[in-house]
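Peer 1: Listed here are the chains, written in short residue letters.
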Amino acid sequence: MKKTGLDGTFRLDRFLLTNLVPLLFIGLSAVAIPISQFSGAYLVQEMMIRLARNSFLVLSLLIPIIAGMGLNFGMVLGAMAGQIGLILITDWMILGLPGLTLAALIATPIAMVLGWMCGAILNRAKGREMVTSYILGFFINGLYQLVVLYGFGKVVPIKSADLVLSRGFGVRNAVNLLGIRNCLDNLIPLSIQGIRVPLGTFLVIGLFCLFIVWFRRTKLGQDMRAVGQDMDVARSAGIPVERTRIVSIVISTVLAAYGQIIFLQNIGTMNTYNSHEQAGMFAIAALLVGGASVARATLPNVFVGVILFHLMFVVSPMAGKYLIGEAQLGEYFRVFVSYGIIAVSLVLYEWRRARDRAYARRSLRGGEV
Amino acid sequence: MGKLGSFVDHVGWPRVIIAVFLLLLFVAAPFVEVRLDASIGDTLVRFGMNGVLVLAMVPMIQSGCGLNFGLPLGIIAGLLGAVTSLELNLTGLAGFAAALAIAVPFGLLFGWAYGRLLNKVKGGEMMIATYVGFSSVAFMCMMWLLLPYRNPTMVWGYAGKGLRTTISVQEYWGGVLSDLLGIRVTDFLSVPTGMLLFVGLMCLLVWAFFHTKTGTAMTAVGTNPDFARASGIDIDRMRTLSVMMSTTLGAVGIIVYQQSFGFIQLYMGPFFMAFPSVAAILIGGASVHKATLTNVLIGTFLFQGILTMTPSVINSMLQTDMSEVIRIIVSNGMILYALTRVTRVNSK
Chain W
82 MKKTGLDGTF
92 RLDRFLLTNL
102 VPLLFIGLSA
112 VAIPISQFSG
122 AYLVQEMMIR
132 LARNSFLVLS
142 LLIPIIAGMG
152 LNFGMVLGAM
162 AGQIGLILIT
172 DWMILGLPGL
182 TLAALIATPI
192 AMVLGWMCGA
202 ILNRAKGREM
212 VTSYILGFFI
222 NGLYQLVVLY
232 GFGKVVPIKS
242 ADLVLSRGFG
252 VRNAVNLLGI
262 RNCLDNLIPL
272 SIQGIRVPLG
282 TFLVIGLFCL
292 FIVWFRRTKL
302 GQDMRAVGQD
312 MDVARSAGIP
322 VERTRIVSIV
332 ISTVLAAYGQ
342 IIFLQNIGTM
352 NTYNSHEQAG
362 MFAIAALLVG
372 GASVARATLP
382 NVFVGVILFH
392 LMFVVSPMAG
402 KYLIGEAQLG
412 EYFRVFVSYG
422 IIAVSLVLYE
432 WRRARDRAYA
442 RRSLRGGEV
Chain X
311 MGKLGSFVDH
321 VGWPRVIIAV
331 FLLLLFVAAP
341 FVEVRLDASI
351 GDTLVRFGMN
361 GVLVLAMVPM
371 IQSGCGLNFG
381 LPLGIIAGLL
391 GAVTSLELNL
401 TGLAGFAAAL
411 AIAVPFGLLF
421 GWAYGRLLNK
431 VKGGEMMIAT
441 YVGFSSVAFM
451 CMMWLLLPYR
461 NPTMVWGYAG
471 KGLRTTISVQ
481 EYWGGVLSDL
491 LGIRVTDFLS
501 VPTGMLLFVG
511 LMCLLVWAFF
521 HTKTGTAMTA
531 VGTNPDFARA
541 SGIDIDRMRT
551 LSVMMSTTLG
561 AVGIIVYQQS
571 FGFIQLYMGP
581 FFMAFPSVAA
591 ILIGGASVHK
601 ATLTNVLIGT
611 FLFQGILTMT
621 PSVINSMLQT
631 DMSEVIRIIV
641 SNGMILYALT
651 RVTRVNSK
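Protein chains in written order, with our numbering: chain W, 82 to 450; chain X, 311 to 658.
So that you can see chain W by itself, here it is in the shape it has in the complex (with noise of 0.2 Å):
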């Protein structure tokens, strides 16, 4: 985050424009913690909760960032990919651990196919990433409900009764995940002043941080950047263009299926049909309330956002309640905020792109610039 000047002076203005979001909401905030009459204790114990539970599948959106392909609507593939394997390893009865880790193995292929699709598209819509790959995410979700609740029990053995719907194939639902509820929550079980710490899935969300890092460094992570710039000077200065969007694409949807296995172990129970559907804006909406805009985000804006957006999430129906004395307001509130935030943050970044675009041409022209 530049805070500084040309001349290496700090600058308010410049602070306040490039954080005006993550500012906005801090506000918001500080006036509605007081009117919603929570706890700091509980609200620290929710933020702790709420960042294990989504950090992971927010910093799945990072690689195609970099990649310049914007934001990854079609991480909500990784997410179908991840409740797959966890449906399958709920019918398996394989609990704990061992239960999540072959979830993860079982979604791995499956996203990294579809990962490789979306990649595929994205590369024939270039320019209009974002659009596609959010109908793709419906259009998916539709080969989903035909997997899921035509082929599961009959195509696909299920043995168990209580996944099938009673007419004999079909998963039911909402699926209970009680084997594997918390188990890398709970694993290092550690607790500071009566709030319980998440410390396992911390640790896998902070070596997936490192892994970031890394691979920013790597000659990959070098191309993507290039790529993310100009697609032609990369292209000219020999980089695999095309195939290096793809990768970026499928680590992502790779990433985001583990995210979503991480954020079902921590609910506990999963909605066939419609747990996947929230991941992709929840996600998105969360890395851009922490300050992140389409062509750039880092690690920090992941966690300032999660804090940020779940601090809302959480207050807002409270403080719609005592406000108004209705606590449907708050609700609407915070979705009106989700999609606004959204909104605002997509016509900035398109706006700057444009303002830019009129200056190029005008230079090119000889005129004032």
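Hints in this document: simulated from the structure, not taken from any laboratory. Every clue listed holds true.
As a list, the in silico BS3-like pairs of lysine-lysine whose alpha-carbon atoms are at most 25 Å apart:
(1) X:Lys432 x X:Lys523
(2) W:Lys402 x X:Lys471
(3) X:Lys600 x X:Lys430
(4) W:Lys207 x W:Lys300
(5) X:Lys432 x X:Lys600
(6) X:Lys523 x X:Lys600
(7) W:Lys207 x X:Lys432
(8) X:Lys430 x W:Lys207
(9) W:Lys207 x X:Lys600
Starting from the structure of chain W, add chain X where the hints point.
Peer 2: Just chain X now, kept in the frame of chain W:
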């Protein structure tokens, strides 16, 4: 064979497949004891219900603003008109006309602001349109709770305020268009003549507009912005105008939809309404840059035909309800096809 090949190339593979699929469904219907006349009747009703909403795609596509994923904004204008008309206790055609009269100014106003916004983000319209639609729906969720509507048939009974999620218009202006000049062919098939005529009238207006000087200029902006600028056309003004038209048509479209459906759906109701309309016009053969009225009519008929026929026919054949999944795959597959095809043309 060569003739057939060139025909298929001209019409486009997805459209041919969908048309053949629909034809097969109609042929198969009598064999699985689905009444053909009821099916045709349903298809006609749904064609009329959705026609204007699909038509709302045309102006924005023509002016180069892409697929109007922001249709919910227009729908909200329509909802405001409908709810206000009910609040005034207007019934029959007067109520319907009042709903239109109130909705149109809102549509123009929202469209103007929305168009100004889209002018600032040229090239990224579709994604932003989607989220402008979503956030406006979420914003209106709060407004429906807070706005001072008091008609007891519309608000929650126990609180006396806050609009219900679905409001019946049956007592007010439900079916006024559909039943107007309605022709009853059999017990199961009646033609909603009034509604079809209204859709036709709207199409005629749009057709006439695109043959005026302004309309031609709008098409020029969409086809070749540089050429348009060189011939002295104000690009931003044309684009704003097209967005205003699209949004207003969306407002009119939802009111036509409601009078046939019988209910106003508030809150999250309009959320995903853009997608069926986008899919319909693409199935009709439109691309991201070009849409005609033929695309609207054929697309609405094919898409709504499939939506009507799959539940009844496929269910009787397979004894399972797969219509929802087929709808998701067909509509989103179609949008995906259009999005990837355009770039190939562009990159050449």
